[in-house]
Amino acid sequence: MHLLLKAIILALYWNCIFARWLQNCMSRYEEANLMREEGVQDVVLPNCDSNGNYKQVQYHPLIGYFCVNKITGESIGRPEPAPDLLDC
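In mature numbering (1 follows the signal peptide of the UniProt record, and there is no 0), the protein residues as written are -19 to -1, 1 to 69.
Some hints could be false.
Claimed, not checked - Only pairs whose alpha carbons sit at most 16 Å apart, straight line, appear in this in silico EDC-like list of lysine to aspartate or glutamate:
1) K36 with D68
2) K36 with E18
3) K51 with E18
4) K36 with E55
5) K51 with D23
FYI, nobody ran anything at the bench for these hints, they're computed from the structure.
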């Protein structure tokens, strides 16, 4: 029984990780927009393309422009003060 419980917990954990990975840019945009509407300050909306993926160049007012993985939104490389300095 103890082993079965561990297996169930592990399966649930990986399902959560996988679901987070599948969450595309539009889903995160909607979440961030709701937070803004609820009065949360300093929420930055991701830039999405028409397919729901991340645009390769993102902007954050505190760190500047940066490249991301188009599917996951994970940052790639270091930020720059202007988008033309990036090589995504």
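Hinted pair K51 and E18, Cα distance within 16 Å: Status violated; Cα separation ~26 Å.
16 Å Cα cutoff - pair K36, D68: holds, 14 Å
Pairwise hint evaluation, E55 against K36, where the allowed Cα distance is 16 Å at most: holds, 11 Å
16 Å limit on alpha-carbon distance, applied to hinted pair K51 and D23: This hinted pair is violated, its Cα atoms lying about 23 Å apart.
16 Å Cα cutoff - pair K36, E18: Violated - the C-alpha atoms of E18 and K36 are around 23 Å apart, more than 16 Å.
The structure fails to meet hints 2, 3, 5 from the earlier list, while all remaining hints are met.
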